[in-house]
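Trainee: Sequence:
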Amino acid sequence: MAELANCPRCNALFMRGPATVCRDCVKQEEKEFQTVYAFVRQKKNRTATVLEIVRETGVEEYKIRDFVKAKRLHPAQFPALAYSCEKCGADIQEGRLCESCAREIHQGVREQEELKSVTERNKKEDAGPVTYYSVKGKER
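With the first letter of the sequence shown counted as 1, position 53 gets the number 53 in the numbering used here; the numbers rise by one all the way through.
What follows is a list of derived Cβ distance ranges for each label pair: (1) C10 x R110: 39 to 49 Å; (2) V118 x T20: 42 to 52 Å; (3) L115 x N6: 39 to 49 Å; (4) Y133 x S100: 50 to 60 Å; (5) H74 x Q28: 16 to 26 Å; (6) E125 x G17: 55 to 65 Å; (7) T119 x A76: 37 to 47 Å; (8) R96 x Y37: 16 to 26 Å; (9) L115 x E56: 51 to 61 Å.
Simulated from the structure, these hints should not be mistaken for lab results.
The beta-carbon is built from N, C-alpha and C at its ideal position, and this holds for glycine as well.
Start from the sequences, fold in the hints, and give me the full structure.
Mentor: In structure tokens form, the structure reads like this:
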């Protein structure tokens, strides 16, 4: 169900539903997307970088990167387009993390799993039956 909210971009009141911004901002974003798409569709501009697109179209850099991240502009068709890794900010063309950040996280997970298995093994060894022996006839 829709609820009354302020648009995070223009602060206008709107009914929040599937869209997180008001209709005017959605229309403005679509207009900016069409401007960017028309620019990069031209054969001479297919290898344009994000900064070149910003300079030529006037659309803000974060919006262009959002178009790529939302897969509205496909890096396969426009190889110079990229968006930022969520961890380090490096330019990437797919996923949420760059290769090095993904490797770093996988390494951390492997280390934690190894630590957990060692801890569990130690608990099993410590939890084993305890046997006490008495020594008769020998004094200490």
